[in-house]
Amino acid sequence: MEYLFDLDLTLEEINKIKSTYDQKDLEKLEFFSRLVTTNYNHLKSYGINNIKACFMNHLKMFFYNPDKFRSIFNKYDRTDLVRCIEKNDAVLEKL
Amino acid sequence: MDSMIRETNENLKAIIDTMKNNLDASIETLNNIQMQMDKKVEEAKKYKIQVDEAKEKINLLESENKDLEMSLAELQEKYSKMNLLSVIEAGNKEIKAKINENLISISKEKEHIAELTNKARTIKDLLINLKKDKTIKEERLENIKISYEYYNERLTEIIDYATNNSNNLSDYKAPIIDSFKEQDSKNLNGEIENTLIFDEIANIDGNKNFKDEMTFINNQIDENINNEVKDENTENEIDTNTDSLENPFLNDTNETEDTSETSNDDTNFDFDFDMGNLSDNSLTENNTNNEDLNNSEISDMDINQINDKIDDLFTTVNSIPETEDKKETLNIEQKIDNAYNEVFGQPLENNEIKKDPTMTDIFGNPIKEETINKANEKQIEEMFTVNGINLKQFKEEDQNYLKQNYNEQNYQNIINTLNRNNINLDNVYYAPNIFVEMTDSELENILNKLIGAGQSLEAIGLILEKFPRIKNYNLDQAIMNYGEYIKDIDITELIMKAKELSNGGN
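As given, the protein sequences belong to chains A and B, one line each in that order.
Residues in the first sequence are numbered consecutively from 192, following my numbering.
Residues in the second sequence are numbered consecutively from 158, following my numbering.
Quick caveat, the hints were computed from the structure, so don't treat them as lab data.
Here a beta-carbon is modelled for each residue, glycine too, at the ideal position from N, C-alpha and C.
Incorrect hints may appear among the rest.
Said to hold, decoys possible - Once the Cα atoms are required to be at most 25 Å apart in a straight line, the calculated PhoX-like pairs of lysine-lysine come out as:
1) A:259 x B:606
2) B:644 x A:285
3) B:606 x B:223
4) B:644 x A:215
5) A:209 x B:654
6) B:223 x B:238
7) A:215 x B:628
8) B:267 x B:202
9) B:644 x A:251
10) A:209 x A:235
11) B:606 x B:644
12) A:251 x B:623
13) B:253 x B:265
14) A:209 x B:623
15) B:606 x B:253
16) B:302 x A:215
17) B:606 x B:267
18) A:215 x B:606
19) A:209 x A:251
20) A:251 x A:285
21) B:255 x B:606
22) B:250 x B:644
23) A:215 x B:654
24) B:214 x B:276
25) B:654 x A:259
26) B:623 x A:259
27) B:265 x B:205
28) A:251 x B:654
29) B:644 x A:259
30) A:266 x B:644
Claimed, not checked - Residues of chain A clear of chain B, computed beta-carbon distances all greater than 10 Å:
31) 200
32) 201
33) 218
34) 226
35) 229
36) 240
37) 247
38) 258
39) 264
40) 265
The task is simple: from the sequences and hints, build the whole structure.
Here's what the structure looks like:
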């Protein structure tokens, strides 16, 4: 999972992910690095300042197909979306 | 005297028994190897039967699919005219489901064939090693057999003579060795000086009996030299005697090698005589003395040669010279290949196994990795450029990997397949392995299945490097498992399901 360091995650954060998620999710995280990175960078491009929290708390969303992942966010007003997510990252699951 | 003879005879019998045991052990080992080989060949035959059955099943399923496709066409033609769309739809669904089911079974059978072929390949390697081992052991057995027969016969004669003539062993006269005639007296006289070594040995040893024996032996030598017996065949005879008779006395210790430089044709000559008298002399009293004695008696034969022969007889397994060994290995491999052809009806393609091929120049010398890379760099760069791929954009290690494994046809076919399926070629920079570890048809198969399962081209492109690890059959199963919900399944979920199935999951 070396690539997570490239996503600016710290060792502590990576360890937290490892202790939070089950083996299957961790395998996916390891196996589909490019796909996860693509989704991560897409959300990051919105300028969300709590991107790491989004990633750590809603990891499973980052396993979506990238087109599906994008379409979730594209239907909302960008500014509103960022504001809501930054206020409470749990919003991600409601989108 | 009787007890001495008895003791010596027992020692000699023990030597014969040891050799007999060696012989029996060798025969048993060979039998075991043969049994293992037979067992493995039987196993391979079973695989062949299973492969044939799988092939037959595939043929049946394929022909059934052809019939189903024809039925589908007929159904469409017949009911479309009547405008019975619901009937067509229901028929379509059922027939396609059956076709898919058959396709899955075909994939399963193909996987099974691949597994069986791999098992057969393992057996082939094992058979090569067993055959090689067998050949070496057969050769060894032959040597053991020859030496056993020789020693058994000769030592038994000695034992019998000693037993029957315990009171007049000193009267024993060695049989005239014909080949000795060849040697001239000058040579013999020259060698006599070397017999001083006996005195030296006796002095070192300080053993009275041994000294007596030395004196006795020296007298006998003189007597024999005076006879000046000559014969053309003696030399070989002596060699054989020396060679073979040395062995029992050299077996116990190696301490006497220092004396090996000393050689005496004349003492060789009276070796038989010596053997005849050994029983009542120092052999039974002091083995070391006899070893020294025997070493110093060695004539034309170099002690090393003798030791080599002994090794051949008792210890050396890999006695075949390297070049012969290689030739033999090639022959064996050829034989095994032929046998494999007979069983499986086609040759084994060993190059499938080679993951790290070593290229050679026209002289058969291995070409250095650097040279291979340089030679391929231009070709691969040109080929990639024509297809809109920049070789330099790959990681450096991946560039080397691609250069080392360069196969223009396969690389081009892979690119064509990606293009045909509209996969963004930028993805290949992260998936150089698909050029090496896959064929275009394997790639096409997986792409078709994923696209058919509603996966986006972007998602497919992002997991391209995982393709060589995906098994067709498991992917089919995973797709079937999701049924009509497959369109909602993410590629990560689908691949994990296939992986799970591959690991034996449901």
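These are the hints, each one checked on the structure:
no. : hint          : verdict
1   : A:259 x B:606 : holds (19 Å)
2   : B:644 x A:285 : holds (21 Å)
3   : B:606 x B:223 : holds (20 Å)
4   : B:644 x A:215 : holds (21 Å)
5   : A:209 x B:654 : holds (21 Å)
6   : B:223 x B:238 : holds (23 Å)
7   : A:215 x B:628 : holds (19 Å)
8   : B:267 x B:202 : holds (18 Å)
9   : B:644 x A:251 : holds (18 Å)
10  : A:209 x A:235 : holds (22 Å)
11  : B:606 x B:644 : holds (12 Å)
12  : A:251 x B:623 : holds (20 Å)
13  : B:253 x B:265 : holds (18 Å)
14  : A:209 x B:623 : holds (22 Å)
15  : B:606 x B:253 : holds (15 Å)
16  : B:302 x A:215 : violated (64 Å)
17  : B:606 x B:267 : holds (17 Å)
18  : A:215 x B:606 : holds (23 Å)
19  : A:209 x A:251 : holds (13 Å)
20  : A:251 x A:285 : holds (14 Å)
21  : B:255 x B:606 : holds (17 Å)
22  : B:250 x B:644 : holds (17 Å)
23  : A:215 x B:654 : holds (10 Å)
24  : B:214 x B:276 : holds (20 Å)
25  : B:654 x A:259 : holds (19 Å)
26  : B:623 x A:259 : holds (21 Å)
27  : B:265 x B:205 : holds (17 Å)
28  : A:251 x B:654 : holds (15 Å)
29  : B:644 x A:259 : holds (12 Å)
30  : A:266 x B:644 : holds (21 Å)
31  : 200           : holds (19 Å)
32  : 201           : holds (25 Å)
33  : 218           : violated (7 Å)
34  : 226           : violated (4 Å)
35  : 229           : violated (6 Å)
36  : 240           : holds (26 Å)
37  : 247           : holds (18 Å)
38  : 258           : violated (5 Å)
39  : 264           : holds (16 Å)
40  : 265           : holds (14 Å)
Hints 16, 33, 34, 35, 38 from the earlier list are contradicted by this structure; the remaining hints agree with it.
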